[in-house]
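Q: One letter stands for each residue in the lines below.
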Amino acid sequence: MKEYRTIAEISGPLVFVEKTEAVGYGELVHISLADGTTKRGQVLDTSKDMVVVQVFEGTAGIDKSSGVKFLGETVKINVSKDMLGRILSGSGEPIDGGPPIIPEKRIEITGAAINPWARDSPSEWIQTGISTIDGMNTLVRGQKLPVFSGSGLPHNEIALQIARQAKVVGKEEEEFAVVFAAMGITHEEAQQFIKDFERTGALKRAVIFLNLADDPAIERLITPRMALTSAEYLAFEQDMHILVILTDMTNYCEALRQIGAAREEVPGRRGYPGYLYTDLATIYERAGRIKGKKGSITQIPIISMPDDDITHPIPDLSAYITEGQQVLDRNLHRKGIYPPLNPLDSLSRLMRLGIGEGLTRGDHDQVANQLYAAYAEGNDLRGLVAIVGKESLSERDRKFLEFAEMFENEFIRQGRDEERGIEETLKIAWRLLSTLPKGVLVKIDRETMEKYYPKEQAAPKKEPSEKKEETPVEKKKVTPVKERVVKE
Amino acid sequence: MIENSDESGAKDGAGEIYRVAGPVVTAIGLKPRMYDVVFVGEESLMGEVIGLVREKTIIQVYEDTTGVKPGEEVVDTGKPLVLELGPGLLSSIYDGIQRPLPVLREKMGDYVERGVTAPGLDREKSWNFVPSIQEGDQINGGAIIGTVQESEHMEHRILAPTDAEGTVQSIKEGGYGVEDVVCTLDNGKNLKMMQTWPVRVPRPYKEKLMPEIPLITGQRVLDTFFPLAKGGTAAIPGGFGTGKTVTQHQLSKWSDAKIVVYVGCGERGNEMTEVLTEFPELEDPWTGAPLMQRTILIANTSNMPVAAREASVYTGVTIAEYFRDMGYHVSLMADSTSRWAEAMREISSRLEEMPGEEGYPAYLSARLSEFYERAGRVTALSGSEGSVSIIGAVSPPGGDFSEPITQGTLRIVKVFWALDTKLRERRHFPAINWLTSYSLYLSTLEDWFTKEVAPDFLRLRGWAMAVLQKEAELQEIVQLVGSDALPEEQRLTLEVARMLREIILQQNAYHKVDTYSDIKRQYILLQSIKKFSDLATRLIPLGISVEVIAGLNSKLLLSKVKYEEKFDEELDRALNKMEDEFKNLEAST
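Quick mapping for you: the protein sequence lines, in order, are chains A and B. For the first sequence, position 368 matches number 368 in the numbering used here, and the numbering has no gaps at all. All you need for the numbering used here is the position in the second sequence, starting with 1, plus 488.
Some hints here could point you the wrong way.
In silico DSS-like pairs for lysine-lysine, Cα to Cα no more than 25 Å straight-line [what the hints assert, rightly or not]:
1. Lys48/A to Lys519/B
2. Lys291/A to Lys595/B
3. Lys544/B to Lys19/A
Negatives, chain A to chain B, calculated, CB over 12 Å [said to hold, decoys possible]:
4. Arg269
5. Lys291
6. Pro306
7. Glu423
Just so you have them, the derived chain B footprint on chain A, three or more residues with Cβ under 8 Å [claimed, not checked]:
8. 56-67
9. 125-135
10. 377-390
Derived from the structure by calculation, the hints contain no laboratory data. The model shown is predicted, which means the values in this text are computed figures rather than measured ones. Ideal placement from N, C-alpha and C gives every residue a C-beta, glycine not left out.
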């Protein structure tokens, strides 16, 4: 293999090499330094005159006389079932002191798009044991559901709790594993993850890729692809159900921006490259199920929103690819509520595929709608109370206000190790809903009310008078039949 | 796909790759025309010429370019991106460049790998060709030369290519493949059942007609309030949870467009899967056959190559035009045009073009209007009348309607169906907001409504809109002071508006009767509510309270009529009851 010593320019993370033979786009590159170390990179742009290489480990120490070798193959990863329980670097090398991974296969990390015709529709819900998720924004196998967070919020704890507790009820015997990819997180955070995996014994069914904050930024571009390639292998060739946690996607996007800037590309919004959407899609879309295959890939990317701004290009474009989002709320966090997941901002687009009779429970959809509506109303009233005071509220409004408080403290709040089954979650939901006048529960139809409304609390005296306060718009006495039939 | 060029065998243009940067490849040594299809590299990846700079050719490649090297061969086909049009199109599922996805899966497994081509039309299949012309007939381009029964209920009319003209020398009948010659002209031209057409070129027609006929969908809020003309254009915001899918299904099932083309452009894989699994299960209510028999699906998810995404909407509209030329009414749904525009933006930035608003290329609105302009009701070259109606979904980021794609779209389209999350939350279906939606076809459709439905149809519609508008204003007051503070007339307005909402605007897609409402019935229902309102208005000054009127039995009956199979009978009963009750009330004063 030829070694070139024709570096023409080094600029940021990029190395420009001249007078090469034909080099393939995306080819893997080894650059050997005077001190004997080798850095790895990838071809980003190739032409007859010049080859542009992005160096994963950073360009520090490279000089114009460094040797450049083009390996003639693209970036691949060794995969095997033995990866489970291992800790690997951001570029797939073991860093846990263990032996190298004996590959059963070497796979290109770019990955191809799943043929839409080959995809199978997600249909099984995953119980995370967290009430706000299970009850109101249910996660479904094969879904990609990011956590939108901000600096200082406990997104890592939540991700860990999900990884620990996630299961498909009734199918606990199926093989389940976590693939965890860290991009630019701190040592401390990484330790937290690893310790927790060790503590709970989850490590032996996990593959961990670590690119830490002080690791080269450019390596972050391949870390999630390494992780997803391993996940695809485990899911679709080893029939396992894989939960992929990618943290933090914001760091990934910054690395992408860095490359774009170094190449002097025309920047898009906030300096991120114009192809950010497509690039993110090639990561997020590597989730799902395939017809005829047993395994599945569920993705939970974690995105920290700069300045909690949900319209920032990264969360904005992500939300257009992923099937919903779980949003962490700083206000809830300040109130000391864990997990501070705000159901009003969160959404699970695949929820309805996974819930209902035979999956969770027949009343789940209606209860979720009602909780959402009631909490939203109670939350709105808080603003009003700040102006007019609690005394001037009507009895009905006061109930909603109290409901919002209780909802946060009893439904949202739970312990870091507390695992609530769906029955328990719905039980809490009904208990809270029954504190409201029966007449305002307009999202729940009569049959469901009769079947699930807590018996001991039924028929308080003041009810008839309360019923009249229902807003005229919401009253639908002529369409009860329809309400039950319409299912979105 | 690419035409196996029988005339030229044009392989003269072979050059080599100079540079590879992602999906954009630069080649030298070629003399192509703009938008020629080229095959790039050893794996023959398909691409399209999108720029010519001095001796260099800029190519966008439809597939992943990893591993492609400078110096590899680039072959110019000398032809633009063309589609195969002919029997076998119906019920197909294609990617953005007309590769059948089920065939791709058979060929290369669950992932879309590179360098694999598959013809758009099945070559093996034999179709029973029945000629509709005879030897000695003079035909011109685009004429119907015969038919093929593609499925039980669908007749595929075989068109002569648009440039074929002459006297028929021989014509065959019987089972033939799409590439077999079925007709020969005296000038030696051989006609096959399959023809090809470049996707970026609108298919020609004889004359464009005014959009004077509504596309009847059986959905009251659409037909009565915001009608779309056959050959018209409409936009719907594609936010999630607004019931977009249900609306699309209803349109596909019930509208009187015979052919449905659905383009899933840059959408989520799992959502596309839902479309791909649900559509084939839908039943055609008119024939009982699967709806897929008159449907073509084009699926290009967000992670499939961006250039193919850009091409997918053109693929869809070209197929739609082809069926239009046979004399069919076609509805094309593009979901979502925002993703399409983003593909343009991405390619534009790769070309280092000067960006316009929000990084979109400066030609964004020109491309949008070119696309929507391919809609229309026409007299085809064959003399038959057909139409393409385009319904495009837009997905504004963060729900911000001021962004360039939404604005560019709303400037062109004539109908806006504002799907509304708030209505959905209130379980108001279809969740189309009657205050923000609009249709600009009302004036051109006036004659049709007057003639085919009733002379006062539009007047009634105007009345209903006014009541609903008034309700919105009154609701603001009610929010502040409560409905008790309103005078009786205004409370009656609220009551009538509620009837309009519940009886006319709301429609249950899952109810076997209510799912489709004949345009005449829509009119009768509206008329009945107007009657109720008129009778009630007379009583208010006599001191009858709105509570009493709202509690009338006939009002309840009226609200149930739409669910009744014996619609006319039940309606009569409700109307008679109404007259009686109002008479009694009047007598009681």
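Q: Now, for every hint given, state plainly whether the structure supports it.
A: Hint check results:
Taken as a hint, the Lys48/A and Lys519/B pair is honoured in the structure, with Cα atoms around 19 Å apart against an allowance of 25 Å. Distance check on the hinted pair: Lys291/A and Lys595/B sit about 16 Å apart at the alpha-carbon level, within 25 Å; holds. Taking the CA atoms of Lys544/B and Lys19/A, the gap is near 20 Å; set against the 25 Å cutoff, the hint holds. Non-interface status of Arg269/A relative to chain B is broken: a Cβ of that chain comes within 12 Å, the nearest being about 6 Å off.
Distance check for Lys291/A against chain B: the nearest CB is about 8 Å away, which does not clear 12 Å, and the non-interface claim fails. Its beta-carbon lying about 15 Å from the closest one in chain B, Pro306/A satisfies the requirement of being farther than 12 Å from that chain. Separation of Glu423/A from chain B is adequate, the least Cβ-Cβ distance of about 26 Å exceeding the 12 Å criterion. Check result for the region 56-67 of chain A against chain B: violated, 0 residues qualifying (beta carbon to beta carbon below 8 Å, three or more required).
Given a C-beta distance limit of less than 8 Å, the hint that chain B covers the region 125-135 of chain A is violated, as 0 residues qualify and 3 are needed. Under a criterion of three residues with beta carbons nearer than 8 Å to beta carbons of chain B, the stated coverage of the region 377-390 of chain A fails, only 0 such residues being counted.
The structure fails hints 4, 5, 8, 9 and 10 (numbered hints given earlier, in ascending order).
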